[in-house]
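K.L.:
So you can see what is in the structure, the chains are spelled out below.
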Amino acid sequence: MKHSRSVKLIALFAVVLMGAREPVEPQANRAGRFETVEVFVDSGERPLAAYQLDLRDPAGAVTIVGIEGGQAPAFHEAPYYDPKAMQSDRVILAAYSLGDAGALPVGRVRVATIHVLVAGDAQPAYRVELTAAATADGTPIRASVHWRKGSEK
Amino acid sequence: MSDDVEMDNFGTDGPSSHPRLTEGMKRLYEVSMPPGVIAGLEELDETVLRAAEDHFAGRLPSQVSAGGRLRWRWAGLGVAAGLLLGVIWLSMQPANRVDTPVIAVRAGDVDGSGRIDILDAFTLAREVKMGLAVDPRHDLSGDGRIDQRDIDLIAREAVTLPKGDPS
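For the protein sequence lines, the chains are Z and R, in the order given. Using my numbering, read the first sequence as starting at 1 and increasing by one per residue. Using my numbering, read the second sequence as starting at 1 and increasing by one per residue.
Treat the hints with caution; some may be incorrect.
Each computed DSS-like pair below joins lysine-lysine, with the alpha-carbon atoms no more than 30 angstroms apart [as the list claims (entries may be wrong)]:
(1) Lys-149/Z / Lys-163/R
(2) Lys-84/Z / Lys-163/R
(3) Lys-84/Z / Lys-149/Z
In case anyone wonders, no lab produced these hints; they're calculated from the structure.
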């Protein structure tokens with residue numbers, strides 16, 4: 001009887017310990033901060049009609065929590081992305097526009113804004129790679145991609 | 001034919017040994033054709049004969065050496081054997097073998113770049129918008145038509161995070 005009571009106590013203690021461990025990570029996230037990352041594509045003098053880019057935080061200190069479109073009307077809608085990117089530190093973004101060349105942005109344009117949760121006091125150094133870009137007639141073009149830290153909440 | 005020409009068996013000596021026949025033949029030719037014409041015909045016969053001899057001289061089997069004929073035979077046998085081996089090799093290939101060109105035209109790879117990215121979706125969207133004929137292989141939704149749904153499927157495939165991504 002005493003033996004059974006001891007086992008129950010140990011089991012209860014273990015359950016309490018495991019339960020106590022669960023909130024640890026969320027508490028750490030809550031200790032972080034939300035901020036935004038603005039992503040820009042520069043297509044030079046060519047109108048930008050389509051792009052695809054890969055953004056990640058190699059340190060794994062961020063969690064992506066939201067994605068929205070860019071400033072240009074052609075890319076105002078949220079781009080395509082994998083839903084699995086949410087709660088992840090990596091996302092592949094892509095979008096295209098069938099608008100006329102005159103309605104497409106040229107030069108440097110913000111194509112997306114990413115909302116992230118940064119753990120602790122980390123200062124993320126994102127790695128962004130442009131994997132595809134095309135102009136209005138579908139011709140692939142050379143372009144560059146940049147990111148900038150946005151607002152912090 | 002003249003009545004005074006006697007029909008006879010010439011034997012082994014030929015017609016020249018029969019003076020009467022010879023004379024009769026000469027008279028016959030003199031009556032039917034002038035002498036100048038006969039001389040011209042003889043010359044023409046000689047010319048044709050010489051031309052024929054010259055023509056066929058180049059094709060006589062004796063003109064080709066035995067070694068040359070042998071080489072041509074071996075070359076022909078080699079070509080035939082090569083063709084036979086090629087046919088056998090092709091027939092032994094598995095039907096479901098996947099080669100690079102097949103990958104290049106897989107469903108969704110609209111621009112044939114070998115990978116699926118946003119440019120495939122963009123290209124397909126442009127083709128649909130312009131009403132161009134679209135490859136039915138890009139009917140990813142399987143509904144028998146190519147529309148925005150297929151374009152979206154390609155775009156989503158393009159942004160899908162790789163499986164096993166450490167992030």
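K.L.:
Hint by hint, say whether it matches the structure.
P.N.:
Results of checking the hints against the structure:
1. Lys-149/Z / Lys-163/R: holds, 28 angstroms
2. Lys-84/Z / Lys-163/R: holds, 11 angstroms
3. Lys-84/Z / Lys-149/Z: The hint holds at about 23 angstroms.
Violated hints for the displayed structure: none, as all numbered hints are satisfied.
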